[in-house]
Amino acid sequence: MTSVEHVVASQCILGEGPVWHSDEQKLYWVDIKGKAIHTYQPDSGSHHVFQFGEYIAALAIRRQGGFIVAGQKHLHSWDGHSESLTSIMEVEPDLPDNRFNDGAVDKQGRFWIGTMPDIERTPTGNLYRLDPDLTLHHVVSGVYITNGIGWPLDDHIMYYTDSIPKAIYTYDFDAVTGSISNRGYFLHTPDLPGVPDGMTVDSENHIWTARWDGYNVTRYSPEGDVVQVIDLPTAHITSVTFGGTDLRDLYITSAKDELTATQLANEPMAGDLFRVRVDVPGQPEPRFTG
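Counting in numbering that gives the first Met the number 0, the final residue of the sequence shown is number 289, and the numbers go up one at a time with none missing.
Incorrect hints may appear among the rest.
Pairs of lysine-lysine, DSS-like flavour, derived with a Cα cap of 27 Å [as the list claims (entries may be wrong)]:
hint, residue 1, residue 2
1, K165, K72
2, K25, K165
3, K72, K34
4, K72, K32
5, K72, K106
6, K25, K106
Worth flagging that the hints you see were computed from the coordinates, not collected in a lab.
Taking the hints into account, I'd like the entire structure generated from these sequences.
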């Protein structure tokens, strides 16, 4: 049986988007509705919270230092040690109910970031690609909730999660240009409890996906077969990433958001950070090259 370690009692409203900073040996993750960025350093056990004035949806490590941060409707630069953001651009000013949600950096250093409607569950969300020269490209429309994005080792496809259809899609991926085409299904799970949320891809090209309202993280083979299920003590499991010196520590974020009073009473670790030691390491976290 897999041992789940309760690492940080972060009590996030909507914990999401963990990224491992190998230079600092530190985990960063966001609390979207708590308007915060959390950090955790395993060696010291230190946990720090940076508080901001808007939703913080996702972040990407920059090769030059610091971070790109997706706020509510703006992309920002962040120095990594203050509570100040510098706006780079606003996105979707004509869609006031939309906000950023999840994102990921590809191995070529581009930041993929998506939006979602924050109120009604209608497909007004979009997927964008931020290139290193800070130009933003619209890639996919008609999205309900942009969630986990990832790539196998050879980058021949891109995985892209839209939670409401309970789908992880595949796209043919051109690593040179960053273009995607030919959408297909990697996973469609209408009969399973919950919906797919954040995801990551390990060094064996297996997909780890968090299950919102499903109490678990599931590892799938490249063919879509269930290989491993990690059960968690709370319903709203949001995202996963690999960390540690050997990238064999699987960090798992969670949320209190949308839980009932009864669930909150029965699941006191909702919103906290968990860790599981796994056999297969993950891939190194790519960095935004802009």
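We went through each hint and held it up to the structure:
1. K165 / K72: holds, 25 Å
2. K25 / K165: violated, 31 Å
3. K72 / K34: With a Cα-Cα distance of about 13 Å, the restraint between K72 and K34 holds, given a limit of 27 Å.
4. K72 / K32: holds, 13 Å
5. K72 / K106: Measuring from Cα to Cα gives roughly 25 Å; hence the hint holds.
6. K25 / K106: holds, 20 Å
The structure fails to meet hint 2 from the earlier list, while all remaining hints are met.
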